[in-house]
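Asker: Note that the protein sequences, when read in sequence, are chains A and B. Be aware that the first sequence starts at 1, since it is given in the working numbering, and climbs by one per residue. Be aware that the second sequence starts at 1001, since it is given in the working numbering, and climbs by one per residue.
Simulated from the structure, these hints should not be mistaken for lab results. For each residue, glycine too, the CB sits at the ideal point set by N, CA and C. Treat the hints with caution; some may be incorrect.
[Claimed, not checked] Covered, in the sense of this in silico footprint (three residues per stretch, anywhere, with C-beta under 8 Å from a C-beta of chain B), are these stretches of chain A:
1) 42-48
2) 234-246
[As the list claims (entries may be wrong)] Label-pair distances were calculated between CB atoms; the ranges are:
3) A:Pro53 with B:Lys1010: 20 to 30 Å
4) A:Val219 with B:Glu1025: 51 to 61 Å
5) B:Ser1059 with A:Thr9: 39 to 49 Å
6) B:Leu1035 with A:Val219: 23 to 33 Å
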Amino acid sequence: MTTAAPAKTEYEVIIGLETHCQLGTETKIFSDSATEFGADPNTHIDPVCLGLPGTLPVLNQTVLEYAVKAGLALNCAIAPYSKFDRKQYFYPDLPKNYQISQYDLPIAEHGHIEIELVDKKGNATRKKIGVTRLHMEEDAGKLVHAGTDMSGSAYSLVDYNRAGVPLAEIVSEPDLRSGAEAAEYAREIRRIVRYLGICDGNMQEGSLRCDVNISVRPVGQKEFGTKVEIKNMNSFNAIQRAIDYEIERQIDALETGNDTIVQETRLWDEGGQRTISMRSKEGSSDYRYFPEPDLTPIEVSADQREAWAAELPELPAAKRSRYQTDLGLSAYDANVLVDDRTTAEYFEAVVTAGADAKLAANWVQGDIAGYLKNEKKTLNDIALTAENLAELIGLITDGTISGKIAKEILPDLLEQGGSPKTLVEERGLVQISDASELEAIIQKAIDDNPNQLEQFRAGKTKLRGFFVGQVMKATQGKADPKLTNQILGKLLQG
Amino acid sequence: MSISLDEVRKVALLSRIALTDDEEERFAAQLNDILDYVEQLNELDVEGVEPTTRAIDVSNVMRQDAHSTYENREGLLNNAPDRDEDFFKVPKILNG
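Using the sequences and the hints, build the whole thing.
Answerer: If you want it as structure tokens, here you go:
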């Protein structure tokens, strides 16, 4: 018997991201003040970033270099001719009442990146996400406190240390279809800028900020739904959760009419795990862009572009693909290793030094990563060189030491460095792989434990592990595990 | 070119300034005078002339990424209409 339930409407979600990356220069985009985070209020200010009359901004050449490199890494076309524009809005975080940005001639356009999503079963899906544009602009200051003074008037306090800090704004095409895809896109952008060494990607300190544009529409509908902007997410998980929440809210609004979707900016409320409306009066912003008269246009010659392109490192997507195709790693392993450039390069150096790729991957993401996490250290802090790790892996593969011994000496190698081979010899840790020597040790372990032997022969086969333990104890873990198992099997049967 | 009263009100809103009715009328007239004056440029024949954003032909004026601290920080803070110790103090502006 079937009852025809009303067909459930399927929805399509359209998401685009605007990502602001703070470029890691020493000084501001148009003046000599420092960009360092966390300084005392208003210690990194000067007449230019405050826009005082008679001052002239001059572009920091490193900002241009970083922006072009980012554009190239995002597979964008670099504009041979580009310019700055003034974006006008009145808000006290902006000392000049306009922000110097780029409007119709951004430095880079028409790019794309490839993201890779790995599901719980380890299956990878790759997707190309379009990058509409990348442009350079200055950051605004920070309203740090609001209160009411003695006369009863409300005021705000402003810190302009961040005003004029260089940003690259990266705008994606509306190609993202879920919270998970959007979060992965943002992670990939961070990986890319970190690989390039142009942005530290620290979301807590605001060096990487993502705004989300999102709309839903019934599948098959041609027109886009009403677009809502969400801000204020300070982690990749928060991006995913904010989007998932907003998708549900918008679908619910369409189906029940309990809520309405209006074109607006909403804030992600981390405490409440929801988005809330930041009601802003209609028509209150109209940026009235016009060309910045105080700055010259920017021309990037083909030679200059190629010189910068030649300095780009191998990027995460290429590494992920290579690790899977050429080195035979799983998608999961490739993604973990590639996430951080230092880790990826260390892993590659271990493989280049002759280690098996899968074993090298296991050591780097397993015991070494665990040690680094516990000790709150990074790969730069350890004494174990990639060559020495390759040597250690070689000692296991050729049967000189057991994996267990390798794990035991790892902390010493990480802290003191040196050749694992020498260490193993000095401490007499070479594996016992001589069959007759092992047989004698195993026979003794059996003879010493007649009760356990009797129980084993009576069918309690789990006791085999007990005997392995006894052998390992007697040899300080040096017994060749494979050979031990073989001989033990034979001797236990009697 | 003609600026309507509504446009004057919109610009006033964007600039966060309050205008009286008289001022709206007066500024509409003044803005129109300015635009009419600039309008004369339309008499020029620009057929075949590439649009430009600048009158001087110069590009790529840039500086090294080298840090220096501006010496007169106190002067910058004192120059503002109001300060509160290390901060610039401004009237609270509600969003929108």
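Asker: For the region 42-48 of chain A, do three or more residues have a beta carbon lying closer than 8 Å to a beta carbon of chain B?
Answerer: holds (count 5)
Asker: Just to be sure I understand the hint, the distance between the Cβ atoms of serine 1059 of chain B and threonine 9 of chain A should be within 39 to 49 Å; is that true here?
Answerer: violated, 54 Å
Asker: Measuring from beta carbon to beta carbon, are leucine 1035 of chain B and valine 219 of chain A in 23 to 33 Å?
Answerer: violated, 49 Å
Asker: Do three or more residues from the region 234-246 of chain A put their C-beta atoms closer than 8 Å to C-beta atoms of chain B?
Answerer: violated (count 0)
Asker: Would you say the C-beta atoms of valine 219 of chain A and glutamate 1025 of chain B sit inside 51 to 61 Å of each other?
Answerer: holds, 54 Å
Asker: When you take the CB atoms of proline 53 of chain A and lysine 1010 of chain B, is the distance between them in 20 to 30 Å?
Answerer: Since the Cβ atoms of proline 53 of chain A and lysine 1010 of chain B sit about 27 Å apart, the hinted range of 20 to 30 Å holds.
Of the numbered hints listed earlier, those contradicted by the structure are 2, 5, 6.
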